[in-house]
Structure formats: C-alpha cells, structure tokens
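Take a look at the letters that make up each chain.
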Amino acid sequence: MPILTKHRLQYVLLSLLSLLAVIPFVWLLSTALKASDENIFAYPPHWIPAKPTFDNFQSVWKQVPLGAFVLNSLVVGALTVVFNLTFSTLAAYPLARMSFRGEKGIWMVILSTMMLPFQVIMIPLYLMMLHLGLADIAGSYNTGLEASVRTWLGQVIPFVISGFGIFFVRDALVSLPRDLEESAVLDGCNSWDILWRILIPLIRPTLATLAVFSFMASWGEFLWPSILLSEPQHFTLPLGLVQLQSAFSANWRLIAAGTTLSMLPIIVFFLLMQRYFVSTDVGSGVKG
Amino acid sequence: MSLSLFRPQTPYLYLTVPLMVLTAFFALPLLWAVGISLQDYSQDLYHPTWAGLSNYQRLFSTPGFWKSLGCTAWFVLGVLPPMVCLPLGLAVLMNGTLRGMTLFRLVLYLPVITSMVVVGIAWKWLLADNGLINYGLSQLHLGPVPWLTSPDLAMWSIIMVVVWKGSAYYAMMYLAHLQSLPNELYQAAEIDGASFWQKHWHITLPHLQPTIAMVATICTIAGVKVFTELVVMTKGGPIGSTHSLVYFIYDAAFEQLDLSLACAAGLVLMGMLLALSLIQLRLKHSANTASESTAN
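These protein sequence lines map, in sequence, to chains R and E. Per the numbering used here, the first sequence runs over residues 1 to 288. Per the numbering used here, the second sequence runs over residues 1 to 296.
Don't read these hints as lab results, they were simulated from the structure. None of these values were measured; they are calculated from a predicted model. Positions of the beta carbon are idealized from the N, C-alpha and C atoms, including for glycine. Do not take every clue at face value.
As the list claims (entries may be wrong) - Using C-beta positions, here's what the derived DEER-type ranges look like:
#1 R:LEU153 x E:SER138: 45 to 55 Å
#2 E:VAL145 x R:LEU9: 27 to 37 Å
#3 E:TRP74 x R:ARG178: 42 to 52 Å
#4 R:VAL82 x E:LEU80: 30 to 40 Å
Same shape as in the complex, but just chain R (with noise of 0.2 Å):
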C-alpha cells in the first residue's frame, strides 16, 4: 500500500507542475482565439473563447512580417548549427585522437574561451560587422537577398565556434577505444578516412545533442542581433516579437496570436528531437 500512495503522490504533484508549466501558453492561445467583441480581461476570465477566431492570426500575419522573422531565424540557427559541428570537430578531432606539440597549450586557450562572456567582445564585434558591411546601418533602407544574406552572416559569426563545442565533441572522441585507428591504418586510411568513416558515426548522438543546443541557443538569441540590425525585414523570431510588442503595447490579441504562431516551429523541433531533450544522456554529456 505505502507504493501506491507514494506514487499516487508522485503523479499529483507531476500534474500539477504540468499544469503550471503550460497556464501561461495556454492562456496566451486562449487570448489569442478571442474575438475582437469578447472581454479579454473579463472577469472571471474565458478560458474557452465564446466564438473561437483566427481573426487575429490573420490580422498580425498581414501586419507583421512573421514569415521573415521565421525564416532568418531558420537560416541564422542552420548556419550556426553546420559551422559549429564542422568546426567544433575539426579542432577536437586532433586534440583528442593525436598527440603533437603544443597540443596542452592550444587546449588551454580553447578552454579559456569559454570564460570570455560574449558581453565583452559584442562591442568591437558589431564595429567589425560594420567594417565587413555585414550589420544594417539605420536609413540605408538595405533590403533584398543579398542584404539578407549579409545579416545572416553577420547574426552567424560571433557563435560560429564555441569552446563549449569543442570540449564536447572531444569527450565524445576521447572515450573512443584507442586502437580504432591503428587498425584503419592498416587498412590505408588515411586521418580524414579515419574521421569521415570511422570517428564521425560512432560519436553522431553527441554531434546531434550538440546540434539540438546551438540550434536552441540560436533561436532564443536576443542580445546579438539587436544590436546588429535595424530592419524588421531582417530581424529574427525573439527580435520581432519584442517589436511586436511594443508596436501593439495595449492588443493583447494581436501580441498573444504573434506570439503563439512564433512557438509552433519550435515546438515542431522539439517533437521530432525529443529524444535529444529528455533523455538523460545528453545531461550527463555535459558533466563538469
């Protein structure tokens, strides 16, 4: 009896934070689905709208470019993603399958990096994204592919490689058995061989966790970009829904629509990666 009760217990109280977890989206959904005659402040609140309407999804969509938003945010967090896996292996690959001179030094000052707090260097970054002409400069009205294509770089470079990453992919590679490539020397591979067909497949779970979190990062980057850019034509999800807020400070309606149709991509990822979030590996990946 005392496992059933105590489990009982353990189901109530997951439910209830369950519930706290989701109040606040549901209730943003809730507004959002509320028609422009429905009291959205009416006491007590309607937690199921009175006549349901995408009235308001329609009408942010029209007014906002949330399909711009939504793609720079695809393409800057794919960008990040492709250049942090390539470079991140690149480095620990040699760091952690060869042993040569200097290797503890350059280790050490790949290690350091992660102390530096990007609030440090963002200054003289955003002077060098202007030199690269890769920032919007305010009135220049730059819009178009290539103006895009700029932006993008320019949200991309700063977090194109991470001493996080780095230290990552090599645990992963470090706890690989050591005659591996002894055997595929034999065989007349080559390092690249070695690395392309033989390394790379047996660490995938941790270049995927490592995907799964610069793509997160990526995505929920606020600082960054607001500094870099000025066009709402290049602006990424968190940047534009910052915009939309204070461009309708009292439409809760339209805020709350916006900000809903903003979470379904993510979501989506979520759900197909799930395993990559909730599975414990991953945490234990990041062992300190």
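Following the hints, put chain E in place on chain R, whose structure we already have.
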C-alpha cells in the same frame, strides 16, 4: 602510440581553421575591447586619444554603474537558492519509470525550449495589473499586486519567471546523475527502514553534491549576464530597479554611444566572472581535500 600513425603536420592542418576563427572572433575583439576602454573617443570618433585608466575612473564614479551592480547582485542572490533547490525536487519526482513519465518530461520541458522573449511576453500578460494572476488574488480579496510595475517587486517577479523557465533544465542535469546512482544504495536503505526523506537526505544529497555545485556555478554565471528577460518584461524599470550590468553596458554602448565606458564595464564584468570561477575552483579544491581527509 597514435603519434606515429600520422604525419607530424596533420594535427595542425585540422586546427588551422578553428584557431583562425577563434583568433579573429574571440582574441582580436578582446584585445580591441581593452584598447577601446583605454582611449577617449569623445572629442573625435575617428581619432581617439589615449586616456589611460580614466574611463575606469569615470565608470566607478557613475552612480548608474553601481546601481546596475546592485541589481545584478539582487538577481543572482535571489535566483540562486530556488534555482538550485527546486530542480532537485523536480528531478526526484521525474526519476523512475512511472507510466506516462516521458509525457510529463516533455510537458515540463516546454518552458525550457521556448525562447525567453516568448516566456517574457506570456508572463507579462499573466502578471499585468488586470491580468489573470491579479484576478485570482482578487477572488481571495487580495491585490491587485503591481508585479512588474513596482520597483520593490519587479525584480522578484522576474526571478520567479526565470526560475519557472529554467527549473526543468537543471532538473535534467540532476536527473542524469540521479540515474547513475546505484539502485542498491536505496534498496539497502529501504531494508534498514529508511523513510523517503531519510533516503534522499542521506543518499541523494551527498551523492549529488558535485552536480549541485555545478548547477550553482552555471546559475551564477548566467545570472550575472541577465539581460533579455529584463528587456522584455520591464525594460530595466521601474525607476531603474531592474537595470542590470549588461543592460548598463548595452545602454552605454548603443544608446549613449559611449564605447569606452561600455568596454570598461564589460571588462569589469569579465573580471567578476573570472573571480567567481576562481572562488569556485578554490571551493571545489578544498571540498576535494576535505573529502579525502575524511576518507582516510
């Protein structure tokens, strides 16, 4: 010996591009930031003059800087206890193979995957003066509480939202380590008649101590850099009560265009983070030696 397997130049070939990128986008900007902080741009933006440490003197005599340090400390100290403890409880709840556990974990993880901006907007709506939470309070004949509009309360409200968003993330860290604990420990304790609380007090807590320290460190470092949540929910107000250090840097650089002051403040931030990590390393070291001496 893997050295003999490859030509001696091979490792450097792989490292060339990553190191070039690190130099260009980490080392160079850092040196540049130091340079900017030592120069005076106020007379001529294109021909700065050497200023020595005067920008730092100016920084330390700016009341807004000290106020922002105070706000940052308030946030970190407020967020740390709940952010270390609540996820631990959540991890204990999420541990085990109950039916439907995967679903619970997915739902509880929703606040983590949602971006801070979305979370901030959702909570701003809930915490509005005429919002849902104040409605609930009015039913209890309380409030309305000015959650985000009172200088005394705004920071606490933001701390609450940050804890709401981050708890499941840290819980997953605890959970990973919780699951690596041998089950026999708990079984033995059960045979000895240990209660639920005794088991967790005497087994879980001591074994998770390194993870607790890690979570505390990550929380502190992230907390010192708090910014986005403040922009979205309070814009640094009311009356500067949520104007953090990073907010101060952002304002100095991009609102007042005082790059030297902003870079000086940024380097002070870096110094603080370095000091925090040194303290943490020191604590870890002394904890290790302490546990070794008790083991002997």
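Going down the list of hints, with the structure as the test:
no.	hint	in the structure
1	R:LEU153 x E:SER138: 45 to 55 Å	51 Å, holds
2	E:VAL145 x R:LEU9: 27 to 37 Å	31 Å, holds
3	E:TRP74 x R:ARG178: 42 to 52 Å	51 Å, holds
4	R:VAL82 x E:LEU80: 30 to 40 Å	36 Å, holds
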